[in-house]
Every structure is written in structure tokens, then in C-alpha cells.
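Model the full assembly from the supplied sequences, consistent with the hints where possible.
Protein chains: 2
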Amino acid sequence: MFMEITILRLGHRLPRDERISTHVALVARAFGASSFVYSGQIDHGLEESIERICESWGGSVNGSLFSVCYEKNPLSVIKKFKKSGFVILHLTMYGVSITSALEKIKISKEKEKLLIIVGSEKVPGEVYQLADYNISITNQPHSEVAALAIALDRIQEGKELSEKGFDFKGKIKIVPTEKGKKIVENQS
Amino acid sequence: MFMEITILRLGHRLPRDERISTHVALVARAFGASSFVYSGQIDHGLEESIERICESWGGSVNGSLFSVCYEKNPLSVIKKFKKSGFVILHLTMYGVSITSALEKIKISKEKEKLLIIVGSEKVPGEVYQLADYNISITNQPHSEVAALAIALDRIQEGKELSEKGFDFKGKIKIVPTEKGKKIVENQS
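Protein chains in written order, with this note's numbering: chain B, 1 to 188; chain C, 1 to 188.
Simulated from the structure, these hints should not be mistaken for lab results.
Any given hint could turn out to be false.
To be verified - Derived pair list, reagent style DSS-like, types lysine-lysine, alpha-carbon separation capped at 30 Å:
| no. | chain 1 | residue 1 | chain 2 | residue 2 |
| --- | --- | --- | --- | --- |
| 1 | B | 113 | C | 179 |
| 2 | C | 122 | B | 171 |
| 3 | B | 82 | B | 159 |
| 4 | C | 113 | C | 80 |
| 5 | B | 113 | B | 72 |
| 6 | B | 181 | C | 83 |
| 7 | B | 182 | B | 169 |
| 8 | B | 181 | C | 82 |
| 9 | C | 104 | C | 83 |
| 10 | B | 179 | C | 72 |
| 11 | B | 122 | C | 182 |
| 12 | C | 179 | B | 122 |
| 13 | C | 164 | B | 122 |
| 14 | B | 159 | B | 179 |
| 15 | C | 181 | B | 79 |
| 16 | C | 72 | C | 122 |
Said to hold, decoys possible - Across the chosen pairs, the derived CB separations fall in these ranges:
| no. | chain 1 | residue 1 | chain 2 | residue 2 | range |
| --- | --- | --- | --- | --- | --- |
| 17 | B | 56 | C | 48 | 35 to 43 Å |
| 18 | C | 112 | B | 103 | 28 to 36 Å |
| 19 | C | 85 | B | 83 | 56 to 64 Å |
We treat Cβ as the ideally placed atom computed from N, Cα and C, and that holds for glycine.
This is the structure:
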């Protein structure tokens, strides 16, 4: 199990990627990452949306803040994480299947830190070279939001869907119901 | 295994949902659904995007066309599918965990047809009542794109990620590679 997961979203464009990048960040949080870094265009609206969600629903899975930050130079971010011992995983439809890649990654028990790169339209060739693993979630065109969700689900071995799920210690939480909606103030 | 899966996307809004609904439709196709129906505002751009993808990458998993169509009245669509013997599954953060729900659904072997409803901001209460199962993919706020991907992944038991994956019989396909990009004309 990876102890610390950061998501790096490349090439955010306004207004085109406003909602897609927001969904990427929300998936990152809900599926167990602890921070979200993005490059491309600065987007205060995106940052505020995520902060508002965390304010009500809680931070990240380990009880700390879920951090969101902008970085101008994504290649230097990748290099910095690599130097700090993070395994670098790049999600791309051109890569090898996550199923086979995860078998290799999991052998190395020291690798407890993971940087997952989520591309946009044009990903620089250097990203493919810097990544330890270029990984596909099917080789069909679909969505970086879906790819990240499936990747984190497989990496966390479905823990986010288990009966208790992750505990975000938010102000509010949902009580699952068969019909309708039930939100309660969190007592835990 | 479900033999026929249709996705119903509710309340599409322009321009707000342009890309999100497109991603929902692409996930539907890539993860094994055979058709996509949407309500809300008509969006010819969305329909053309999906048709363009199918033109190059192939139709749906069973070799037929992946159909995209607009329906003005989603409640009547749900009722029609229900009458035709489809199991109605509604993805909502308020629902019960997909893990527990799938155990129940899979017991019934006659149920080979599935309609999965993907909501937008305000889902009418009647949808919760009409659905056979209101199912959550975590009870945290994230993304309908991610929720649909995880739901289809669980329903198809990860088949889309298996070594051979689905065969879409498209004009082009990707050869998975460790670094870089390789697209070939499909010879199969």
C-alpha cells in the first residue's frame, strides 16, 4: 500500500479544463491521494472549489489537509519528486496495462510514495522518459478523470469502496440509503 | 455478466457540461456499454465528438455501433427500459455501496440488461424511486465520470483491463509501449 500519493495534473487550460481538472482533483481526494498539484494556467476558482469541499467533507484520508497548489514548471516538479524517492507513474492511453505494471511496482516494498501524472492534450515527450511507468487504463480514448479513479482504485486495492471506506473526518457525511438522501453532522 | 448496458445521462447543460458529458459517453463506450442516451439540452457537438471517435476507434465492445441519442423525457426512458426487463441502476453519492449491491444483482441470472443512470446537479426524486438500486461509488463528492468508470469496471469484473481487453475492431489501435506512443492500422 502506498502511504503518500500526490497527483500532478499537466497543462490546465481556462476555461476549457475548469470542470475536468476540478473532477480530477476531487477524484484524487476521494480515492486516497493527499495532494494535488497542477500546471498550465493558474485557476483560483479551481483551488477555491476544492478548499470548499474540504471545509465541509474533510481533508484527506490520513486526517491531514488535502493540499492543492499550482506549479509553473511541471518537469522540475517531477524531477524533485523523483529525487525524494517517489515512484513516478504517468497515466497515458499509450502505456502498458496497469494490471501488469502494478505487479512490478508492488514488489518493491520501500516504494511508499507515489506521484501520479495526469496529462492534458499535449504531454511533452520528456514526461514519458521521466516516468518510471507509463500506464494505460485501457488503450481506448476516454477520460483522465476515469483513468485516475481506476488507477487509484487498483493501487488502494478497492479500499475506498470497502464497507467503512476512508474516514475523512469532515463536518458532514452521508449515511448510505436505498432510496433518497441522508446527510448528517459528523459525530466521530 | 451483463450482455447489454445502456447509460442514461440526465440534465445535460450547455456549455457547462459539454466536456463532462463527453467524457461520460467515452467512458461508457470504453468500459463496455453499447449505447448512450442523454437528456437536458440537445448538443450536436457532443454527438459528433462521439461519432468521430467511433469512426476511428470502433463502435462498441460487441462489434456493433455505439449509439448516442437524445431523449427529452428521461423519466419515460427509465420506465420504458424497466418495462423491457432492464435492471435500473442509479449512481448517486447518497446510495448504498456498489460492492454490496452487486452481490444482490448478480444473484439474478436472468438480468442481462442494465440501464445505468448518471445524474447531474439536480436529480428528480422520482429517479431514486424508479431505480432498482441507488448505488454509490464512495459517499464523497467527486465525479460522475469516475463513478461510471468504477461501476462499469466492477460490473464487467475488470475485463476492460485484462490483457486483451475489449476488441473494438476500429480502424486504428494502440500497441501498448513502455515509453512513447505507437498507433497502428488495425489488421484484425
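Here's how the hints hold up against the structure:
1. For the proposed pair residue 113 of chain B and residue 179 of chain C, the alpha carbon gap of about 22 Å is at most 30 Å, so the pair holds.
2. Among the hinted pairs, residue 122 of chain C with residue 171 of chain B is consistent with the structure: their alpha-carbon atoms are about 22 Å apart, no more than 30 Å.
3. Under the criterion of a C-alpha separation no larger than 30 Å, the hint pairing residue 82 of chain B with residue 159 of chain B is consistent with the structure, at around 26 Å.
4. As the CA atoms of residue 113 of chain C and residue 80 of chain C are separated by approximately 13 Å, the hinted pair is consistent with the 30 Å bound.
5. For a cut-off of 30 Å, the pair hint linking residue 113 of chain B to residue 72 of chain B stands: about 22 Å separates their Cα positions.
6. Under the criterion of a C-alpha separation no larger than 30 Å, the hint pairing residue 181 of chain B with residue 83 of chain C is consistent with the structure, at around 26 Å.
7. Among the hinted pairs, residue 182 of chain B with residue 169 of chain B is consistent with the structure: their alpha-carbon atoms are about 17 Å apart, no more than 30 Å.
8. About 23 Å separates the Cα atoms of residue 181 of chain B and residue 82 of chain C, which keeps this hinted pair within 30 Å; it holds.
9. Pair hint residue 104 of chain C plus residue 83 of chain C holds up; C-alpha atoms about 20 Å apart against a cutoff of 30 Å.
10. Restraint check for residue 179 of chain B and residue 72 of chain C: satisfied, since their Cα atoms lie roughly 24 Å apart, inside the 30 Å limit.
11. Pair hint residue 122 of chain B plus residue 182 of chain C holds up; C-alpha atoms about 15 Å apart against a cutoff of 30 Å.
12. For the given pair, residue 179 of chain C sits about 15 Å from residue 122 of chain B by alpha-carbon distance, which is consistent with the 30 Å threshold.
13. Proposed proximity of residue 164 of chain C and residue 122 of chain B is supported: the alpha carbons are some 27 Å apart, at most 30 Å.
14. The straight-line distance between the Cα atoms of residue 159 of chain B and residue 179 of chain B is roughly 24 Å, inside the 30 Å bound, and the hint therefore holds.
15. A C-alpha spacing of about 22 Å is found between residue 181 of chain C and residue 79 of chain B, which places the hinted pair at or below 30 Å, so the restraint holds.
16. A distance of roughly 16 Å separates the Cα atoms of residue 72 of chain C and residue 122 of chain C; the hinted pair therefore holds under the 30 Å criterion.
17. At roughly 38 Å, the beta carbons of residue 56 of chain B and residue 48 of chain C sit within the given window of 35 to 43 Å.
18. As the Cβ distance of residue 112 of chain C to residue 103 of chain B is approximately 33 Å, the hint placing it in 28 to 36 Å holds.
19. One distance hint, 56 to 64 Å for the beta-carbon pair residue 85 of chain C and residue 83 of chain B, holds here, with the actual separation near 58 Å.
Checked against the numbered hints given earlier, the structure satisfies every one of them.
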